[in-house]
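Using the hints provided, position chain B relative to the given structure of chain A.
Residue-level listing of the chains:
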Amino acid sequence: MNKLGNKILELKNVSKIYGELHALSNIDLTVNAGDWLSIMGPSGSGKTTMINIIGCMDTPSEGSVVLGGVDISRESAASLTKIRRDKIGLIFQQFHLISYLTAVENVMVAQYYHSMPDEEEAMEALKKVGLASRAKHLPAQLSGGEQQRVCIARALINSPEILLGDEPTGNLDEENEGIVVDTFRRLHEEGATIIVVTHDPEVGDVAQRKIVLDHGKIVDDIDQSATFGRALKLKTRQ
Amino acid sequence: MKMVASSLIRRASRLIIAVLAIAIGATILSGLVTIYYDIPRQLGREFRSYGANLIILPTGDSKITREQLRRARDVIGAERVVGMAPYRYQTVKINEQPYIIAGTELPEAEKNSPFWYVEGKWGAKGKPESVMVGKQIAETLNIGIGDAFTVQGVRYGQRAVASAQLLSAKENLARDIASQNFSRKLSVCGIVTTGGAEEGFIFADIDMLDELVGDSFRGDVVECSVVADAAQLAELSEMLKDELGDVQPRAVRRLTQSQDIVLGKLQALVLLVTAVVLIITMISVYTTMMAMVAERRHEIALKKALGAENGLVMGELLGEGVLLGLIGGALGVGLGFEFAQQVSLNVFGRAIHFQWLLVPVTIAVFIAITVLASILPVRKVMDIHPAIVLRGE
Chain A
1 MNKLGNKILE LKNVSKIYGE LHALSNIDLT VNAGDWLSIM GPSGSGKTTM INIIGCMDTP
61 SEGSVVLGGV DISRESAASL TKIRRDKIGL IFQQFHLISY LTAVENVMVA QYYHSMPDEE
121 EAMEALKKVG LASRAKHLPA QLSGGEQQRV CIARALINSP EILLGDEPTG NLDEENEGIV
181 VDTFRRLHEE GATIIVVTHD PEVGDVAQRK IVLDHGKIVD DIDQSATFGR ALKLKTRQ
Chain B
1 MKMVASSLIR RASRLIIAVL AIAIGATILS GLVTIYYDIP RQLGREFRSY GANLIILPTG
61 DSKITREQLR RARDVIGAER VVGMAPYRYQ TVKINEQPYI IAGTELPEAE KNSPFWYVEG
121 KWGAKGKPES VMVGKQIAET LNIGIGDAFT VQGVRYGQRA VASAQLLSAK ENLARDIASQ
181 NFSRKLSVCG IVTTGGAEEG FIFADIDMLD ELVGDSFRGD VVECSVVADA AQLAELSEML
241 KDELGDVQPR AVRRLTQSQD IVLGKLQALV LLVTAVVLII TMISVYTTMM AMVAERRHEI
301 ALKKALGAEN GLVMGELLGE GVLLGLIGGA LGVGLGFEFA QQVSLNVFGR AIHFQWLLVP
361 VTIAVFIAIT VLASILPVRK VMDIHPAIVL RGE
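So the sequence lines, in the order shown, correspond to chains A and B.
For the first sequence, counting from 1, position 160 maps to 160 in this note's numbering; every step adds exactly one.
For the second sequence, counting from 1, position 288 maps to 288 in this note's numbering; every step adds exactly one.
Bound conformation, chain A alone (with noise of 0.2 Å):
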């Protein structure tokens, strides 16, 4: 099921109460490294609740989450902005560039609040995802596809343990959904751990693995080891 078999991430009986509604209830999940998992399911299911746990921006009302070793569901806000720094790439669905900054410069800030801004690896991650020739574009001159592109290329630039991606094709035409459903399909090859949330089912069907939520609750775990490179295929293709 997974390329190395070690666990990266663990859910063990994760739920999150807000009153009297329950976002998320007695979630387990166990991702290894190296899996491409996505998480699917209707509005109000539980998606982003679980997303933003495992992405450091919010903590569960029970359960452990361990991510990377370390139990951060009782961390404070202080070291879970460290862990998120440090262990997560974080991709979204309405890309969240900045506007002033050129697309090299986007890249960048993520190095200046991990480490140092070095210009040369911010244009190998730019490379990376084929936008090496638009790195001095600012963000309105780039394509809904591209800016995303320069999201994930900002994702990767600290060597993330895992890519977290909440709807990132959620708002990308078909074309430049299959751009980016490919350079999560290289990175995977790569050996990059990813997480994606999405309503779209051509999307969920492309990762190696996906669960389904509803209610808070884990209601399918679907392998999809044996169609993963056929589904791929298809998706790529359009």
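Wrong hints could be hidden among the right ones.
[As the list claims (entries may be wrong)] According to the in silico footprint, chain A covers these stretches of chain B (three or more CB under 8 Å from chain A):
#: 1; stretch: 184-192
#: 2; stretch: 378-391
[Stated by the list, open to error] Estimated spans, in silico, between C-beta atoms of each pair:
#: 3; chain 1: B; residue 1: A364; chain 2: A; residue 2: K7; range: 43 to 49 Å
#: 4; chain 1: B; residue 1: V276; chain 2: A; residue 2: H199; range: 53 to 59 Å
#: 5; chain 1: A; residue 1: S133; chain 2: B; residue 2: V359; range: 43 to 49 Å
#: 6; chain 1: A; residue 1: G44; chain 2: B; residue 2: V276; range: 36 to 42 Å
These are computed hints drawn from the structure, not numbers from a lab.
Note that the structure is a prediction, hence the values are computed from the model and not measured.
The C-beta atom is built at its ideal place from N, Cα and C for all residues, glycine as well.
Relative to the frame of chain A, chain B by itself:
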């Protein structure tokens, strides 16, 4: 640095508005402070047009000597002296009627008394026979500009001899122009109107008067117009007393007190306006920064999502505030000086001095104001939750 600089340049249009808000405050503030510090000097000069504010009188029967006059000028300081006119009063007769001739340094008296209305012109050093007469004397003697009249009197140290009833007028005149007496024909170059006692005097060059009475300078009074407030005048009076010995320096209270009252009120007004401007600027910077934080909510949330700590993001925003304060303050110093210069030229008719100290002080004050006004808006960073703000909905 390159990234920060280019980001500032690309956001220039927004930053210019913030800088302008600060620069306008800094302009008014530095301009008012410049005026505040220059008012005493400007107003002091202005008040000098109301006449002498320091009178030096001899004590007892003594008179003021040339040496005392020179030392008095040294004690007061040449740069503060607007005018310093010594007076010697001598009784003379014109057509057998007694009048008083005031010998003085006419150019200095002119500086002391810009409020005198002089028909004709002031007497000059090179024309000792040309004198000014008070309006009252001119009317009594029925003389006008260019007319001549003869003054007679007793030389210094001599006794006047009373007219003898048994002698004819011609014989009495002959007695009067004998060696103990003097007689000199003078011409009128100006008629003085002041509405005061000056209209009953003849004003002549002091050297001519000394020569006429056959004596060296003996001053009855020295009228000084000095750029100083009441406290400084009191201090000067003490110093003159100590330095000159047998003299009684007196500040003209009516003038110095009025000057201090007007000055105090004006400075209080400037201080009040300055405080109001300061508060308005702070509110303006506060709202500008609040708008900036609100406008950049997504950017701040993104930075936090990328791993920036609250302190770091707050530091960045405060750093921008410092930069805005620096640029706005620097602009304000220049514009403020121009503002103060225009006010000074239009109100006082004089140019002002540029206060170099105002450059670092204004910049420091506006950096402090910007930072202070930014604290609350910048603290909002702590409330920005990346998961909520960046939610892709």
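Outcome of the hint check:
1. Coverage of the stretch 184-192 of chain B by chain A is violated [criterion: at least 3 residues with CB-CB distance below 8 Å; count 0].
2. Residues of the stretch 378-391 of chain B with a Cβ under 8 Å from some Cβ of chain A number 5, which satisfies the need for three, so the listed coverage holds.
3. For A364/B and K7/A, the Cβ-Cβ distance of about 57 Å falls outside the hinted range of 43 to 49 Å, so the restraint is violated.
4. Between V276/B and H199/A the C-beta distance comes to about 57 Å, which sits within the given range of 53 to 59 Å.
5. Take S133/A and V359/B: their Cβ atoms lie about 48 Å apart, and the range 43 to 49 Å holds.
6. A beta carbon spacing of about 54 Å between G44/A and V276/B contradicts the range 36 to 42 Å that was offered as a hint.
Hint violations for this structure: numbers 1, 3 and 6, all remaining hints satisfied.
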